[in-house]
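Using the sequences and the hints, build the whole thing.
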Amino acid sequence: MGKLLTPDLCRFIILCLLLSLPLTAGASLSSGTASNLSGARNIAYTTQTTATIRWSMLRVTGGRAPGVTVTSSSGTFTDAGNTIVLGTVNKALSKSKPISPSEPFNFSETILIPRDVLFKAYKQNIRTLYYRRNFTDCPAADCSQITIATSFTLTGSAAGVFNVSDYRLRFRDAPLTPIIEQDQTLQAEARIQVTGTGTIRGVWEVASPGSTAGTPLYQTLQLVVRQLSSGQETPILSPALPARQSGNHLVRFRFLAPELREEPPVLQYVVRAVPAIPTITLIAPRDGSAANQETKFQWDAVRNANGYKIELFDRNPQENSYPAKPVAGMLVRSDANHTSLPGSLMERLESGRRYWWHVQALDDGGNIIAASDWNSVTISK
Amino acid sequence: MLCQGPLNVFGRLILGRVSSRTLSDSLNRSIMPTDKPCEMSLGNNMKHLRIRHLPLCLCSLMAMAQPMISHSADMLTLGSAGEKGYRSSLDPVEIHFGQAMPADLAPYLRLEINAIDVTDFVQRSDQGLLYVPQEPLAPGFQELRLVAMLPDGTIEEAAIWTIEVRASKTFRVAETQGQIDLQVTHRVADDIDNSPSRRTQGQGGGTFFSQHADGDWSTTSRANLVYNSQSSQNHSGKELELTDYQIKGEWQRATLTMGHQNISPNSLVLNGFNRRGLSAGYTSEQHNFQTTAFSTRTEQITGFNHFTGINQSNHRTSGAMVSVNPFTSNPDQLTLSGIYLQGKGQSEGVAEISDATDKTGGDAQALIADSYLFNRLWRMRGEYASTSFDFDGKGTGLSSETDDAYTLLLDYDSSRANNNPGGDSGNWGLSLQHQHAGPWFYSLGNTAVTADRETTQLQGKYWNSTFSIIGLVSTGEDNVDDDDSLPTTAIDSASINLMYTPPMASVDSGSEPPAEWVFSNPSYSLNWSHYRLEQIDTPTGFTGDDVDSRYHEVLLSAAFSGNGWYWNLSQSFIDQDDRVLDANDQETLRTSLDSQFTINEYLSISPILQRTETDYVNQDMEIRSWLAGASIDLNYPSDWSYSLSHTVNREEASDDSIDSRAALTQATVQWRYREAAQNRFGITFFSNGSYQTTEDQGSDADDYQLFLGINVSLPISM
Chain H
1 MGKLLTPDLC RFIILCLLLS LPLTAGASLS SGTASNLSGA RNIAYTTQTT
51 ATIRWSMLRV TGGRAPGVTV TSSSGTFTDA GNTIVLGTVN KALSKSKPIS
101 PSEPFNFSET ILIPRDVLFK AYKQNIRTLY YRRNFTDCPA ADCSQITIAT
151 SFTLTGSAAG VFNVSDYRLR FRDAPLTPII EQDQTLQAEA RIQVTGTGTI
201 RGVWEVASPG STAGTPLYQT LQLVVRQLSS GQETPILSPA LPARQSGNHL
251 VRFRFLAPEL REEPPVLQYV VRAVPAIPTI TLIAPRDGSA ANQETKFQWD
301 AVRNANGYKI ELFDRNPQEN SYPAKPVAGM LVRSDANHTS LPGSLMERLE
351 SGRRYWWHVQ ALDDGGNIIA ASDWNSVTIS K
Chain C
1 MLCQGPLNVF GRLILGRVSS RTLSDSLNRS IMPTDKPCEM SLGNNMKHLR
51 IRHLPLCLCS LMAMAQPMIS HSADMLTLGS AGEKGYRSSL DPVEIHFGQA
101 MPADLAPYLR LEINAIDVTD FVQRSDQGLL YVPQEPLAPG FQELRLVAML
151 PDGTIEEAAI WTIEVRASKT FRVAETQGQI DLQVTHRVAD DIDNSPSRRT
201 QGQGGGTFFS QHADGDWSTT SRANLVYNSQ SSQNHSGKEL ELTDYQIKGE
251 WQRATLTMGH QNISPNSLVL NGFNRRGLSA GYTSEQHNFQ TTAFSTRTEQ
301 ITGFNHFTGI NQSNHRTSGA MVSVNPFTSN PDQLTLSGIY LQGKGQSEGV
351 AEISDATDKT GGDAQALIAD SYLFNRLWRM RGEYASTSFD FDGKGTGLSS
401 ETDDAYTLLL DYDSSRANNN PGGDSGNWGL SLQHQHAGPW FYSLGNTAVT
451 ADRETTQLQG KYWNSTFSII GLVSTGEDNV DDDDSLPTTA IDSASINLMY
501 TPPMASVDSG SEPPAEWVFS NPSYSLNWSH YRLEQIDTPT GFTGDDVDSR
551 YHEVLLSAAF SGNGWYWNLS QSFIDQDDRV LDANDQETLR TSLDSQFTIN
601 EYLSISPILQ RTETDYVNQD MEIRSWLAGA SIDLNYPSDW SYSLSHTVNR
651 EEASDDSIDS RAALTQATVQ WRYREAAQNR FGITFFSNGS YQTTEDQGSD
701 ADDYQLFLGI NVSLPISM
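Chains as they are written, first to last, in my numbering: chain H, 1 to 381; chain C, 1 to 718.
Hints are computed from structural coordinates only; laboratory data are not their basis. Treat each hint with caution, since some may be false.
[Unchecked claim] Only pairs whose alpha carbons sit at most 30 Å apart, straight line, appear in this in silico DSSO-like list of lysine-lysine:
#1 K325/H <-> K359/C
#2 K325/H <-> K169/C
#3 K123/H <-> K169/C
#4 K238/C <-> K359/C
#5 K91/H <-> K359/C
[Stated by the list, open to error] Sample of chain H residues with no beta-carbon within 10 Å of chain C, all distances over it, derived:
#6 S28
#7 R54
#8 K95
#9 P104
#10 N106
#11 P139
#12 A149
#13 T153
#14 G156
#15 R261
#16 P317
[Unchecked claim] Here's a subset of chain C near chain H, in silico, CB distances under 10 Å, partners left out:
#17 E157
#18 Q201
#19 T456
#20 V480
#21 L486
#22 R590
#23 D594
#24 N618
#25 D620
#26 E622
#27 S625
#28 S631
#29 R672
It should be emphasised that the depicted structure is a prediction, and the values quoted were computed from it without experimental measurement. A virtual CB, placed ideally from N, CA and C, is assigned to each residue, including glycine.
Here it is in structure tokens:
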């Protein structure tokens, strides 16, 4: 007898029973299940956390019914006996589709389990909390409703299921919406706190003015895979953001896994045009070479220059976001496109130390009309 | 001795020791001896000066309206500001020779202004030196230094003055600057979903900065505004958005700041709290007492609404900080700080996803002792903090919950020593830190502290000019209150970061540097980290999942660069081994190649290639992602610029649950019709477009947009 009841035969019998239900029991929602897609039931009892739930149910009916809409207006966090309500999620779920006894209604939702719910649960000695939803197909004829629940177990802060608990999008060393000059270096920073430990996958994306004046189209700048763990706020830095084209740009870090409970925040930055200054080509000394009092600093002459200013810095000005003052420098007449550093300036420089230098051409009014790139020299005395 | 008075020229000292007997005699006759030490306020730039000085000093004071009245007039005096009563940024600098000035010294004098030698533009005469500024001197106090470079190579410092450059008689500094940029863009063609109904859109931004100062007070203000006719792209939902601003006034040692604050005392209860609000601060004359009181918006905000940030009591965090250095002779020896704050609101603000529970709030306080000892080599820091926070909302449900946290740090760092040689001899450091935070420790001023965690961490590091290594081991536990209804999990981690940059070959100034090739100027790094979680105590009746997992991450990278180019290659491997939930096991491999090549002054190319592969080892499933692309920028002729970029992003799963491909091509052409200059419009015409193809699980879409536009920019300076 046991061998006769093969799995396929069982499925067939169940299907026949389901099909015959409407004839005997009328229309109803049944076979409700809730799956926790986050991978584990553990949630840290001190940190708000995110969970992704898949609700599934069958709607059976007699005769040939048209489509039906199944809805759930809200979800509640409760204790096991459903006597203590710890919190409510006021987010409606709704789906319409033709009725099929074999194709369930499926809903996915990503919820936040807030800190106040965890706090109330802990304080009332609830160590397993339930998230429940009532689904109904009303006002359809012979409508019914079903309550489905999934459970979470409170655990210590390190053992919660891996998820993003806090996420903040910022620019590094810049305001929330910075206005930068063309080709200025700017990086965004995704500051992420997680519960548990796991691997995050995401992409840095930017929409340039070529689309932000219409529908933003995001270009992927970088694929990110990082292992994160609770206990720290981890910054994930973007690559240098595009800053060639003037106009408004949008930047975001889009999570691929785990899912965020809402759309990722987007930051805006504005690139503004700056007057283009011609470049002075530096001739000597070559970048990275040694220099002493005899070294001739030479550059290409600039037409209409009244003079040149050579400046030396002890830090690379391109790598410092804060303006630095030159350690030494010199004004040179325009009839000479070269100079050597007098002893009084050499005294300001340390032997064996690296310095970055550049040249600016000045007009009669002291305005900068051309500038060189930065080269470095190591002082040898 | 700083010689000063109600003057606009502070001649501080004339020092010198000359090797020539004639000059020495002359100088010494003109120098008045004093038993007080001379103050050499030369700034950091001068700390390596090796010029010899006599232990004598002389002040050359110049009254505002009384030129050259000085007891140092025997030798060198600085000319006065002239008839208008102040020195402006383009006023000539006159240095007059006194009777005691040796005639043969004059040709050897060199003039420096703020470390810039301007001698080439100095006009010499028998009476003195005259320098007409070739670029405007910045308002404020500027340093003039006169140096004698004698024929035998000896360098003597003849005089240093601090001069005051004023914007006007009323203000020492009076400056207003800004720039407005506005783009008007018209969509001339498109085929894309959800395109905005208006074909013509406006975007832009404005920055404004001003500062005024005189005497012992100053004010600065700055503001950033963004305009976007698609208001949904602005955080405030308005077309014109005030993104951030700050107005700051300083009077003597007191400050008052309105707008965006930067309150970051690195405390468990307050750190990185950059919000809009008001603050006031005071620093004592010896800088051994500092206090700041603040009241700010709890949440990060933008826009014109809630301009002050403190208009809603349910979204306000207020507090005060006090810091005292009891040992004035060596302030770093001990710093004692106290912090108190009280706040209401949410931890979720603009561009944040966090806890948005309404009407929560509480207060927090911290005491900090920080000490640098033994030539700053050792640092000891301890902080105790406590919070009281109502997690389910003020006045509802449960009452506030009180908890505490502390951190102890013992740190040695050889680079902190004042006489640290650094360089190739290297530096090293060792630090031991222990931190405890209770489960309900929570401050709105620093939401990054992980509650319910006790951690001990040991870090060692060594670095020199080419090599660095940082090693870290850490061990900790959760369930710090030993609640027997909750499991306890141990968290252990270790990491090593190695970096090696071979020294650059020494190149003589006269010789050619080594030829560059594709592997020039290398830099290598290796990062390894290990993380382990293990449930070490399970309560009876626990219904959750046990925890036993290990994580490894290895990152290798190499970077090479030359004149106008770089490329770097990196590879990382992440192994996630969950011994309870097999489905969580993952192995991820990521490879990345980034580069930029500047072909010449007009053309640059930036290719990129990245690949990630995640293997869910117990689910027989792999997810693979690819990113490939390149951008080309061309600036030729000088008023024209072109850019073209193309990227392809592909993601697929071995079980076909993911199968997507997106390609985006963007192009821009710009023609600068008129260059912007101070208080003069700059105009640029442009055209840009984008074309995107997407394929996702069999559904395809092609979208494009083409725009024409004009960009107007106006730099403002007053």
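Against the structure, the hints:
no.: 1; hint: K325/H <-> K359/C; result: violated, 48 Å
no.: 2; hint: K325/H <-> K169/C; result: holds, 27 Å
no.: 3; hint: K123/H <-> K169/C; result: violated, 68 Å
no.: 4; hint: K238/C <-> K359/C; result: holds, 26 Å
no.: 5; hint: K91/H <-> K359/C; result: holds, 20 Å
no.: 6; hint: S28; result: holds, 31 Å
no.: 7; hint: R54; result: holds, 14 Å
no.: 8; hint: K95; result: holds, 19 Å
no.: 9; hint: P104; result: holds, 18 Å
no.: 10; hint: N106; result: holds, 15 Å
no.: 11; hint: P139; result: holds, 33 Å
no.: 12; hint: A149; result: holds, 14 Å
no.: 13; hint: T153; result: violated, 3 Å
no.: 14; hint: G156; result: violated, 3 Å
no.: 15; hint: R261; result: violated, 7 Å
no.: 16; hint: P317; result: holds, 14 Å
no.: 17; hint: E157; result: holds, 9 Å
no.: 18; hint: Q201; result: holds, 5 Å
no.: 19; hint: T456; result: violated, 13 Å
no.: 20; hint: V480; result: holds, 9 Å
no.: 21; hint: L486; result: holds, 6 Å
no.: 22; hint: R590; result: holds, 5 Å
no.: 23; hint: D594; result: holds, 7 Å
no.: 24; hint: N618; result: violated, 12 Å
no.: 25; hint: D620; result: violated, 17 Å
no.: 26; hint: E622; result: violated, 13 Å
no.: 27; hint: S625; result: holds, 5 Å
no.: 28; hint: S631; result: holds, 8 Å
no.: 29; hint: R672; result: holds, 7 Å
When the structure is compared with the earlier hints, violations turn up for hints 1, 3, 13, 14, 15, 19, 24, 25, 26 and for no others.
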